[in-house]
Amino acid sequence: MDTQVIYNIIQQEAFGLNIAIYFYLTGLSAGSFILSTLAYAFGMNQYKPLGKVGIVLATMLLIIAPFFLLIHIGIPYRAWHLFVYLNFASPITWGSFLLVLYPINCLIYGYFMFKGNMRLTRIFGFIGIPLAISVHGYTGFILAFGKARALWNTALMPILFLVSAIVSGIALMILVCIIKDRFFSKEKKINLTLIFNLGKLLAWMIIFDLFLVGSDLIVLSISHSDAQATAHLLLLGKFSPLFLIVENLLGKIVPFILLVVPKFRRLTFIVVASILVVIGIFIMRYVVVVGGEFIPLI
Amino acid sequence: MRNKVKRYAMLFDLRKCIGCNACAVVCKSENNVPLGVWRSWVKKVEKGHYPHSKEFFLPIVCNNCEKPICVTVCPVGASIKRSDGIVYIDPHRCIGCRYCMAACPYGVRYINPKLNIAEKCYWCHHRVDAGLKPACVLACPTGAIMFGDLNDPESDVVKTMAKNAVQVIKPEMGTKPHTFYIDLDIDTVETKQMEEE
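As they're listed, the protein sequences go chains A and B. Numbering follows the working numbering, in which position 59 of the first sequence is assigned residue number 59; successive positions increment by one, without gaps. With the second sequence counted from 1, adding 298 to any position gets you the working numbering.
Honestly, the hints are just simulated from the structure, not real lab data. There may be inaccurate statements among the hints.
To be verified - Calculated lysine-lysine pairs in the DSS-like style (CA-CA distance at most 30 Å, straight line):
(1) 147/A with 302/B
(2) 115/A with 188/A
(3) 238/A with 341/B
(4) 147/A with 304/B
(5) 431/B with 345/B
(6) 238/A with 490/B
Unchecked claim - Residues from chain B that keep clear of chain A, each with C-beta distances beyond 10 Å, as calculated:
(7) 312
(8) 381
(9) 423
(10) 429
(11) 437
(12) 447
(13) 453
(14) 455
(15) 458
To be verified - Simulated restraints on C-beta separations:
(16) 210/A with 334/B: 37 to 43 Å
(17) 347/B with 254/A: 45 to 51 Å
(18) 364/B with 119/A: 52 to 58 Å
(19) 314/B with 83/A: 45 to 51 Å
(20) 180/A with 333/B: 49 to 55 Å
Note that the coordinates shown come from a computational prediction; the quantities given were computed from them, not determined experimentally. Just so it is clear, CB atoms sit at the ideal spot from N, CA and C, and this is done for glycine as well.
Next up, chain A with everything else stripped away, as it sits in the complex (with noise of 0.2 Å):
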């Protein structure tokens, strides 16, 4: 039978493309973090020229990022009404304090690292790990507490941004290792060592991600009415061409066909590849946060 609606309201947008800019600036400053920490406190030290590299961005990119949630809410000097009135029961309260612990631990152990002081530099880094990956956690808790949103409202979705986090990272450290060496240092040659162990493991981490885009979207597909008309707007619906295409087939997919096979283990094709991911990685968040309140709820 036909059923067609004859008058509704349209619904305002909730969380919009600020958000999807906050959430990938947090994820690339949590996975520089943690390879940063590599080898400053895992003592991985084929990793040890990513220790400072990844400090750096690791603060730069978190103190820009909440920026982007200033511009997003609607009374902005409001904002210090986070720390007065605190709601333990909500994402946003969490991560409130952590926005302001990350970075203060980021600078403490970056000025450590620059000191030469191995041992605080160890500690704050074991610190740091937590802090950042819950800095990056809580915004899938954000989103997986919108339980109306079938999309944002799973489980998966801090482990699913946590992953996508470390990937997006892997690359961007690999390509700003690159420009590093290249125009930066004394030597002017790239390290084709360490840029090789990353793509190694960007790859792996890729695989991961994919497999977990994979099951969630397979579960979506057969849930309820709103997870299937989900599930059929990522597939068939608008959000196709950026989710299969760009996220999936030129993000993930295509990268890392050319970082595993060896034809392709040269560094043209390593900087091709962390573009792509780099790329792909944002559009992730962009379809995650304005594709799951694409369907209307009423």
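On the provided structure of chain A, position chain B as indicated by the hints.
Here is chain B on its own, set in the frame of chain A:
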């Protein structure tokens, strides 16, 4: 035994609803709602083909849920549930982060374009506190809207709900809505209008 604590509820008898929009209009005027946003509105769905067709109405207000997700997610505690069940927003505390709009399963919240804070229907608590009925209840020409205390056995709502099958919108969300409907048609809830693709 009569419970002293109040728990307000609203009941829409859709058998009586004629889709006149009087509730939506009076709400705008009572609560000073700006252009482009609504606290209450009537969704209209047509089923079948002419001449074998009929229009169905779904008047929507805030459900003032027993377990409101908007109160859970509000980071500054601006969304508050009163002891009588009315959920309202403290306009001096709201920062306009829109998280409640993202989380509400019923889409009843909006950002006031003039004040940049979230607003919604709160069953005209300023009138209820003064002993009056909400504006939409008085405006409804067919008496399809009822409002009262669920713990008062003498109230219209309790008497009507005791004798009729009632339903709420999206019970699966677990928010325990307290806006009830008699004769609710599932198609009026499930049929969605997508933006033009």
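Results of checking the hints against the structure:
1. 147/A with 302/B: violated (33 Å)
2. 115/A with 188/A: At roughly 24 Å apart (the allowed maximum being 30 Å), residue 188/A and residue 115/A satisfy the hint.
3. 238/A with 341/B: holds (25 Å)
4. 147/A with 304/B: holds (28 Å)
5. 431/B with 345/B: Violated - the C-alpha atoms of residue 345/B and residue 431/B are around 33 Å apart, more than 30 Å.
6. 238/A with 490/B: holds (16 Å)
7. 312: Correct as stated: the minimum Cβ-Cβ distance to chain A is 15 Å, above 10 Å.
8. 381: holds (18 Å)
9. 423: holds (21 Å)
10. 429: holds (31 Å)
11. 437: holds (18 Å)
12. 447: For residue 447/B, whose nearest Cβ neighbour in chain A is about 27 Å away, the distance exceeds 10 Å, so it holds.
13. 453: Given that every Cβ of chain A is farther than 10 Å from that of residue 453/B, nearest at about 27 Å, it holds.
14. 455: holds (23 Å)
15. 458: holds (24 Å)
16. 210/A with 334/B: 37 to 43 Å: For residue 334/B against residue 210/A, whose Cβ atoms are near 42 Å apart, the range 37 to 43 Å holds.
17. 347/B with 254/A: 45 to 51 Å: holds (48 Å)
18. 364/B with 119/A: 52 to 58 Å: Once the Cβ atoms are compared, 54 Å apart, the range 52 to 58 Å for residue 119/A and residue 364/B holds.
19. 314/B with 83/A: 45 to 51 Å: Holds, since residue 314/B and residue 83/A (Cβ atoms, about 50 Å apart) stay within the stated range.
20. 180/A with 333/B: 49 to 55 Å: holds (54 Å)
The structure does not agree with the numbered hints 1, 5 stated previously, though it agrees with the rest.
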